[in-house]
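Participant: Residue numbers (this note's numbering), protein chains in the order written: chain A, 1 to 765; chain B, 1 to 185.
By construction, these hints were calculated from the structure, which means they are not laboratory data.
Errors might be hidden in some of the hints.
[Stated by the list, open to error] Facing chain A, from chain B, some residues (calculated, C-beta under 7 Å):
| # | residue |
| --- | --- |
| 1 | Tyr17 |
| 2 | Leu52 |
| 3 | Pro144 |
[What the hints assert, rightly or not] Here are the computed lysine-lysine pairs in the DSS-like style, where the Cα-Cα straight-line distance is at most 27 Å:
| # | chain 1 | residue 1 | chain 2 | residue 2 |
| --- | --- | --- | --- | --- |
| 4 | B | Lys174 | A | Lys206 |
| 5 | B | Lys184 | A | Lys202 |
| 6 | A | Lys72 | A | Lys527 |
| 7 | B | Lys159 | A | Lys209 |
C-beta: ideal position from N, C-alpha, C; glycine also.
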Amino acid sequence: MSENNIENDQDDIKIVNTGCCHDCGGRCTLKAHVKNGKIIRFETDNGEDPQLRACLRGRVYRQKVYHQDRLKYPLRRIGERGEGKFERISWDEAYEIVANKMKEIKEKYGNSSILFIPGAGNQGMLHGVTPVGLMLNQFGGYTRMWGIPSYEGALFASMATYGTMMTGNSREDLLNSKLIILWGWNPANTIWDPGTPLMLAKAREKGIKIVVIDPIFTDSAAILADQWIPIRPGTDTAMLNAMAYVIITENLHDKPFIEKFTVGFDKYKAYLMGDDDNTPKTPQWAEEITTVPAEIIINLAREYASNKPAALMAGWGPARTARGELYSRAANLLCVITGNIGIEGGYASGFMRAYYSRETVSAGRKKKTGPMNKEDQKEMTKKKTPRGNPVDWGAPPRKDSLYKLRGGTNPASTRIHFNEYYDAILQGRKGGYPADLKMAYIAAENRLNQYCNVNKGVKALKSLEFIVVHEQFMTPTAKFADILFPVNTFMERNDIAVPWLGSPYYIYLNKAIDSLYESKSDLEICKELALKLGVEAGLLNLPEDQILRIFTSPRKDIKSYDQMKKDGFYKVKVDEPFIAFKEQIEDPENNPFPTLSGKIEIYCEHIAELSVPNMPPIPKYLSHEEHYDAPKAKQYPLQLLTPHNKRRTHSSLSMIPWLEEVEPHAVWISPVDANSRNINSGDLIDVFNDRGRIRIPANVTERIIPGVVVVYQGAWYNPDKEGVDLGGCGNVLTKDSHSPGGAFPMNSALVQAELYSKKETEGVS
Amino acid sequence: MKQMGFYFDQSRCTGCYTCSVACKDWNDIDAGPENWMRIITIEEGKFPNLSLAYLALACNHCADPPCIKACPTNAITKRESDGIVTVNQEACLGKIECGAKCLKVCPWDAPQFSATINAKMRKCDLCVERLKQGKQTICVEACPMYALDVGPIEKLQKKYETNDSAIGFTKNNKINPSINFKSKI
């Protein structure tokens, strides 16, 4: 273009409608201003309500795309695994090495020896792990996981209680509540759909009381709520059960509702009254455990039961514990016994998904939920199913899964729990796992950082024969790759983002710029690698836009694909707000709950039949070996929490300077615990237990309950020569196990803290 | 003369920093000491009786800006048409040479300097270019909580029930900052 064509600077700028698609609870609009092939700045949604305004994580995206540390070329490891020494190779060479090694491993050990480690750090409908899974299926399959760290406890409880994940109401329905309780939930920072904090603010402005129960005085507690109730971590089930005790003993429960819609109330009541264990679950009993004064528990129970409709929204964080599903079950049951189900302004808790177009509107293809019949079960164990992962074909269900229910459970016994990968790698079939694992295919996943027990992970990853990683940056996980494929970002390709919590909209991520350096999309990589592997690339061979049209074709709520692509989003018009279980309550004859009994299961017979230790069919409060009252607490007296904060999305965006200055990484510790250890803000401190040690600055703050330290998750593991993590990755300290229902115990680790060195400026005095 | 200014709903601000980051992106400002939009955290009390409020402050485009009087080179001016206070980069002596006299007299640290040696003063110009195009400022359009607004100050006062102070902000009658609040009580 000649200079004469450019009248002024503005004419030279092209605006591309795209969005951000991190693995947070939001998917938001970004308008990229592109000049000479480079993004120079962003705007966000300024159109019709509800706007999908990007938060700070989206607004910083330029600093990710153009970050100096982006992986630029395919790399081959030349140092030790984890050392981070690599050399540049060509794409052809990289493909050749990977294809040959994969063929060799398949030949020698079979497909089950290939462990797929998928993540959500780089995602969309088409990119991230999707094409990798398709390619590996074509190659004969792989060993895969069950269990999702974010929510497995909440999911299990949702399935056990209601038989479905679809338990959420539309956000605007919050305005119909008389009381809102946010339990262990911080939507001001974690973005559960972009409009959530705004709707909570509007509810409060309308005069609706909001209560937050959380060990941390979060931004949600401080800004959105009228009352903050600090609670000792991992004891939520005790408080919820004590509230149920108050409600039942004061006759505030909804007896007609319980009679009509539930099973097993008497068994729960018997537990609460102490019929079996001579321990009535009184507020005084709970005060001892939770540190919440009995008076506060009684008042909240009365308020909740007598201000109907009321919305108790049980966050997933308290379920990321060693008995996680019991907390979620207890929260669900509080909603149930007060009859806050299926009505405007009420809330069922559960998994809390409100909308999922494939289930609600696909004409004639309604996704099945609920119990499986005999034929379905036969289908599941058939020798061959037409699609999916061949390694799973014909596998019987896991004995500890809710395998009789459909949707939300991953019962194939060929699968390994995501938090037991390291043990499975190290032990294989000898340790009772379904496969001997020889190679890992890792995509969009900073695995080592984001799962429990990093130091064990180091051993496991070092023991494998071969590791392939798709990445954008040299993450702690990427350092363990044998071959590292540089992947582009969502600014460099077309894709569609679907909100996973189910707000009714889509984001179309229009490609804003060409791929930087030699990076490629996951789709391109898999398409080209498939050729070398000698398998059909199939769908992968089509252009991005064509595949996206195929993927979205069953979603009848997208009335115009072209409009969505043009605007960069599609806001689905819905007739009225979603109220979960409205049909079940209004017309129970024709709409049973999708559980085995057809009713809400206060006592879950399916769980009872499984007969798994520490998985009672009613939500009992149970301790565990890393609880505050466990013998181990003598040695490690502090409880560790590893929640999300506003400056990262998991471990993505950890490298962004604009975000680092928003909230520098530090351990939050209460003055009570800091003073006794001679710790001041800014001092370098060690937090440690038998699994490892991290060393980062302290932030001494009143904003947490004493006895607890907080290491916000996602900071990158960065060990020194002694193996002390100077990056401050909380998962160095967490345990690589899971609750009986599959919950990840990221918030169930006992630790100790000690001063390492005083802050430099103070060291002189 | 109309006076442009800010409205800030402190009761809604969750301290998410989106306005601040959007400002840095739009104006291409590196991470570092230069912050045209600053988020101030006001934390009070002892566990468990705590209060926390945020204050988002850019430049208040004061009715009688002390920075203008303090500037030795008349680099800072107040626009006749809308009261927006702007800086002439070429006239500014720089942080070291001048001693940042503008910053010293501003009660809210609006004049900002980058990390470069003898950086020239820069600050919030109320997105004059965007306003000219009929758009809102980048911070107003960024706020996920709709807690910010920019417009003629009289209009803002009519549109919202406003207060001239907030937690962490006391009105200075002498220089008359062009900002109104809904305070977090």
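Participant: Run every hint past the structure and note whether it holds.
Facilitator: Evaluated hints:
| no. | hint | in the structure |
| --- | --- | --- |
| 1 | Tyr17 | 5 Å, holds |
| 2 | Leu52 | 4 Å, holds |
| 3 | Pro144 | 5 Å, holds |
| 4 | B:Lys174 x A:Lys206 | 37 Å, violated |
| 5 | B:Lys184 x A:Lys202 | 14 Å, holds |
| 6 | A:Lys72 x A:Lys527 | 20 Å, holds |
| 7 | B:Lys159 x A:Lys209 | 26 Å, holds |
When each numbered hint is compared with the structure, a violation occurs for hint 4 only.
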